[in-house]
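Trainee: My request is simple: use the sequences and hints to build the entire structure.
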Amino acid sequence: MAELLAVRGLSVDFVTDHGPAQVLDGINLDVAPGEVVGLVGESGCGKTTLARAILGILPAGAARIRGGEVRFKGTDLLREDPRAVNDRVRGRAITFIPQDPFTSFSPVFPVGTQIMDLMKWKSPRAGAGPRPAALFGRYPRERWRADREAVLETLRAVQMPEPARTLRRLPHEFSGGQRQRLMIAMALLPRPELIIADEPTTALDVTIQAQILRLLRALVKERGVSVLFTTHDLGTAHEICDRIVVMYAGQEMEAAPTDAFFRHPAHPYTRRLLDSVPSPGGDLRDIPGEVPSLVAPPPGCRFHPRCDYATAECRADRPAFRALADGHGVRCHHPVGAGADP
Amino acid sequence: MSAPLLEVVDLVRHFPVRNAFGRRIGWLRAVDGVSLAVSPGETLGLVGESGCGKSTFGKTVMGIYTPTAGDIRFAGREIGRLARRERRALAKDLQYVYQDPGASLDPRWKVVHSLHEPLKIHTRLSRAERDREVRAILTAVGLPDAHLDLYPHELSGGQQRRVGVARILTLRPRLVILDEPTSGLDVSVQASVLKLFRSLQATFALTYVFISHDLSVVRAMCARIAVMYLGKIVELGETAAIFERPRHPYTQSLLAAVPLIGGRRVTQAFALEGEPPNPRDVPSGCRFRTRCPLVHDRCAVEEPALRAVDGRVVACHVA
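Going line by line, the protein sequences match chains A and B.
Quick note: the first sequence uses this note's numbering, first residue 71, plus one each step.
Quick note: the second sequence uses this note's numbering, first residue 50, plus one each step.
Misleading hints may appear alongside valid ones.
Stated by the list, open to error - Some chain A residues judged to face chain B by a derived CB distance under 8 Å, without partners named: (1) Ser113; (2) Ser245; (3) Gln279; (4) His302; (5) Gly305; (6) Arg342; (7) Pro348; (8) Ser349; (9) Leu354; (10) Arg355; (11) Asp356; (12) Ile357; (13) Glu360.
Since the hints were made in silico from the structure, they are not lab data.
Glycine included, every Cβ here is placed at the ideal spot set by N, Cα and C.
Mentor: Rendered as structure tokens:
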């Protein structure tokens, strides 16, 4: 299977007062065309940093890429000319749905103005050539009309009532769910091949979340767009993803098709994580210990201080990727059940 | 059932909506006639989506808002309209836990100082007695004595949270209102926080009102739940029964919206359309009728009252 996106050995440090924090440590990740991949992990595990590294929008002053590649359709985005990435990839071939729909619009402009500003530069009908300074850029009349048609059509696709009136309204006139629909529309408009969705439903109520997840999944499947969906909510991941990758403290632990992931998790961390979801019977099982500091992370597998199966091997080396069954792989020296039914 | 510790009868809390000139142009009906009772030692869950009035309910019971109408009886005594001074004395028995109790610690005070303060204000204990009390509480929340001499910034987020909870418990309250105590937490941390609340309930004989939008948490923690929609209770009863067979169409939709790991995908089956109406402008009759799949003529005219159905109470004409 030809990968659309292949992240290989990506390591990113953040500068802090106490020294560099190793936020990503040799991450591998694949996204196939048309696939919805869930990136699951607890807060601070580096999933947002990974999403930002792929988009090339890490904070310039604080983040330092220590090594690795981000290959998108064969080109390494980290080594490609930044201008070419900006013109052709970011916002075009790869788009973004933010976590918080409340702060992602400017409050002072109608949403129509903001969407058309996006289309002026990132419309699939615009040429990919180098662009003039934003202030002097002209928006050709015919293209504007065609783009506007596309905008209205996409707003209908995300089920916004009265698309033409929507464009004249200000962001505060919309509810959270509607704003997230607008964000999905904006992510789809440049006709991307990959959408990176960073916890897009955490800020929403469950009934609205169910509506948005259903809409997003239907739209991307219909258009054949890949999605990298970060979330800390395992239920959401179960809803929308074809395949799930688990991260812990900047390392990926396990990757598996959604069904296999929930049915026979092989990594001790994944097991613990699934166990800590409150069960209907009222059992509560937490993970003893705390998430390690990323400034001085434990050597080897970063989960070893909290792991029941840890041995000297785990403290010394980070386990290599071990393929178990169909598309199911784990980075652990002592995988539980080795992928068989528990 | 023993006499309820907390009994709320037809509680109403409206907020005035004002225009730019300060003239009242309407009412926001945050809590609009809620009645329930909490027995000693139980955990009552209060669930609903944002804007349904569950936090306003908690804060009105707590005395942070004064009720517009209705009665709040705590241990048999009416407390809704007490004078400020009497109300203050009651703070000892009735405590409120915010989303992140650790955030309410003073950053310039050592933990020991923060924990002694409530005892200084509300009790006449001597210094040594206070000290003994504080250490006992700290052990109960699972922190070593050495933490007494630390400042909040020297603790991790989880430890701060524990200190915040310890501070609420130093007065040995009888009723604790937990307002979304685990929202925004990761599942593994959530599990340890919930475990803590459970063990404290057993140790100190606490009664909880557990406000949350997370149904799986409520299901794990509460024996009874009340489901709210736009300021009203739509269904109230045993948790197991409600999860097993929800009767109100809103409860049914709410439960259907929760992703179930390893089960059916709600994205394929979920039917509820639209969003909750603005609480400033509630629909006539049944408040849920604008989104209800079972709506018929009567729902627009007549507001359904809570009635006993199937071992619980439900406010619906068709349930």
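Trainee: Hint by hint, note whether the structure agrees.
Mentor: Quick rundown of the hints versus the structure:
Hint status for serine 113 of chain A: holds, given a least beta-carbon distance of 6 Å to chain B, under 8 Å. About 5 Å separates the beta-carbon of serine 245 of chain A from the nearest beta-carbon of chain B, less than 8 Å, and the hint is met. A hinted interface residue such as glutamine 279 of chain A counts as satisfied when its beta carbon comes closer than 8 Å to some beta carbon of chain B; here the least separation is about 7 Å, so the hint holds. With 8 Å as the threshold, the beta carbon of histidine 302 of chain A comes within range of chain B, its nearest partner Cβ sitting at about 6 Å, so the hint holds.
The interface hint given for glycine 305 of chain A is met, as the beta carbon of that residue sits about 3 Å from the closest beta carbon of chain B, less than 8 Å. The closest approach between the C-beta of arginine 342 of chain A and any C-beta of chain B is roughly 7 Å, which is under the 8 Å cut-off, so the hint is satisfied. Hint status for proline 348 of chain A relative to chain B: holds, with the closest Cβ pair at about 4 Å, below 8 Å. Interface hint status for serine 349 of chain A: upheld, as the beta-carbon distance to the closest one in chain B is roughly 7 Å, under 8 Å.
Here the hint on leucine 354 of chain A is kept, as its CB sits about 5 Å from the closest CB of chain B, short of 8 Å. Against a cut-off of 8 Å between C-beta atoms, the interface hint on arginine 355 of chain A holds, since the closest Cβ of chain B lies about 6 Å away. Look at aspartate 356 of chain A: its Cβ gets to within about 4 Å of chain B, closer than 8 Å, so that hint holds up. Among the interface hints, the one on isoleucine 357 of chain A holds; its C-beta lies about 4 Å from the nearest C-beta in chain B, closer than the 8 Å criterion.
Evaluation of the glutamate 360 of chain A hint against chain B yields a held restraint, the C-beta minimum of about 6 Å falling below 8 Å.
Hint compliance for this structure: every hint is met.
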